[in-house]
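Using the hints provided, position chain G relative to the given structure of chain B.
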Amino acid sequence: MSYVNSPKVQYTPDGRPPERRNWRRLLIRGGILTIFILGLVLNLYAFKTGNLLNLLAGTNGVVQGTIINIQGQPIAGATITLASAPETQASTQPDGSFNLSNVPTGDQYLIVASEGVGQGYVITVQTDGVTQVGALRYEALPEAWN
Amino acid sequence: MKNRSSTHKQRGQSAVEVALLVGMVALFVIGILRIMGVDLEGVFCRVANGVGLQTAVCPGSGVVFWDDFSDGIEGWELDRGPNWRIEDGELCAGPGPEHRAYAIDSEGSNYTISLDATLKKGDGYGVYFRAIESNVNGYTFQYDKGFGAPGAFIFRKWINGQEMSPFRPWQPAPAGYQWFGVKRHVVISVRGNEYTAAVDGQVVATAVDDAAHPVPFFEDGRIGLRTWGGTEACFDNVQITMP
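In order, the protein sequence lines correspond to chains B and G. Each residue of the first sequence is one higher than the last, beginning at 0 in numbering that gives the first Met the number 0. Each residue of the second sequence is one higher than the last, beginning at 0 in numbering that gives the first Met the number 0.
What the hints contain is simulated information worked out from the structure, not anything from laboratory work. For clarity, every value in this text was computed on a predicted model and none was experimentally measured. A hint or two may mislead.
[What the hints assert, rightly or not] Simulated coverage check for chain B against chain G, where a stretch passes if three residues somewhere in it have a Cβ under 8 Å from a Cβ of chain G: (1) 23-30; (2) 61-70.
[Claimed, not checked] Here are the simulated distance ranges between beta carbons: (3) 148/G with 70/B: 14 to 22 Å; (4) 160/G with 70/B: 26 to 34 Å; (5) 77/G with 20/B: 22 to 30 Å; (6) 70/G with 72/B: 51 to 59 Å; (7) 134/G with 76/B: 18 to 26 Å; (8) 94/G with 70/B: 31 to 39 Å; (9) 109/G with 41/B: 22 to 30 Å; (10) 209/G with 134/B: 22 to 30 Å; (11) 74/G with 33/B: 55 to 63 Å.
The beta-carbon is built from N, C-alpha and C at its ideal position, and this holds for glycine as well.
Same shape as in the complex, but just chain B (with noise of 0.2 Å):
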C-alpha cells in the first residue's frame, strides 16, 4: 500500500489522536454490572417473599388455635404444618389445640391433616408475638363429603 492510499488517522480538535476503545475492560465492566444488578434482584426478592426479612429481624411468630369438626367437636391428633415451611409442625392435643411455633410472620397458607386430608387456611402471623387463630373448622373428612 503507498503513503497515498493509507487510511489517515483522525485528530481530535486539540490534536490528539482518537482514545482507542478497550473492548475488553468493557466487558468485564458489563459482568460485574450485570453481576451486581442480578445479585439486587435476588435480594429484592428474597426481602419482598419475607424469608431475608424474617432472618434479619428475628420476626418468626407462633400460632395458637384450636381444631374442630363439623360437629364443633375437638380433632385430637391433626398434623399441622405450613406450605412455605413443612419442617415447621405440631400435633393437636386431645382438646384439639395445637400451638405452631417459628412461624414466618405475614400472610401463611396453614395446613390441617387428619386421615391423610389435607386443608388449607390462609392466616397472617403477627410479628414477634402469638397470633390466635381460634377454633378452625376442618371440613375435609367423609362426613362432610356428601
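This is chain G only, laid out in the frame that chain B set:
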C-alpha cells in the same frame, strides 16, 4: 393348422414384473431421498397421521409423550409401591399400599393427558399433573370409587406431599356406575388454572384453582399415575398432547 394358443403374442408385463419394477423404483427413490437427507420416518408419519393412523412411533402432531408399554416400564420413574408390572401389554399397579409412578419426559404446563384405564378392584386410581418432586406438589384427577357413598370424580391439590381436600364442587358418580372391570378412556385437560376431566367422552369433573398468595399454585410439572386403598388398576396408551 396352427395352435392358436401357442402363437398368441404376449404383450406387456405380468403383475409380478410390474410389482418388481415398482419396488425397484421405490427403492431407488428411497435411496435418493436418504442421500438427500430427507426425514423418511417423518414423511411416513405425516402420511399415517393424515389418514388418521396414530401409533407410538407416529403419535401425531402435538403429541409430546406416548407410551403403549410395548417396551416395558422404561420411561417411568416408579416412586412408590411394590407391584408395578406389565400385564397383557398394559402397565398395572397393586394391589397393596399406595403406588406412584411418574412419566420421566412429561414436563409441561398446559397439556391434555389421555389414557385408557381399568379399575380392577379397590378404592380408585389417580392421574397426576403438574407434579414436581417425589413428595409431591401438584394436582391429581381421581377416579375415586372410595370417595363418599357412590364414589366420585374429583380433582385434588397436593402440597408438600399432603393430599388436600378436593376442589369444590365435586361431582358424585351416577347411581349404579360400573367402576370395576371396564376399560375407560380418560382425558384430562390442563389449561392455566382450569382443569377438566372426561371419562368415555363425558365431562365428569372440572376445577378452577384460584389460589393467590400465600396459597401455592403449581404452574408446571410431570404427569404420573397412582393407586391407593388396595387398588389394582391397569393403564395403557398414555399420551400427552400440547396445544
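Now for the hints, and whether the structure bears them out:
1. 23-30: Per the Cβ count (0), the hint is violated.
2. 61-70: It is violated, with 0 qualifying residues against the three required.
3. 148/G with 70/B: 14 to 22 Å: For residue 70/B against residue 148/G, whose Cβ atoms are near 19 Å apart, the range 14 to 22 Å holds.
4. 160/G with 70/B: 26 to 34 Å: Since residue 160/G and residue 70/B have Cβ atoms about 29 Å apart, the given range 26 to 34 Å holds.
5. 77/G with 20/B: 22 to 30 Å: violated, 59 Å
6. 70/G with 72/B: 51 to 59 Å: holds, 54 Å
7. 134/G with 76/B: 18 to 26 Å: The hinted range 18 to 26 Å holds for residue 134/G and residue 76/B, with Cβ atoms some 21 Å apart.
8. 94/G with 70/B: 31 to 39 Å: holds, 34 Å
9. 109/G with 41/B: 22 to 30 Å: holds, 28 Å
10. 209/G with 134/B: 22 to 30 Å: At 25 Å between Cβs, range holds.
11. 74/G with 33/B: 55 to 63 Å: Once the Cβ atoms are compared, 39 Å apart, the range 55 to 63 Å for residue 33/B and residue 74/G is violated.
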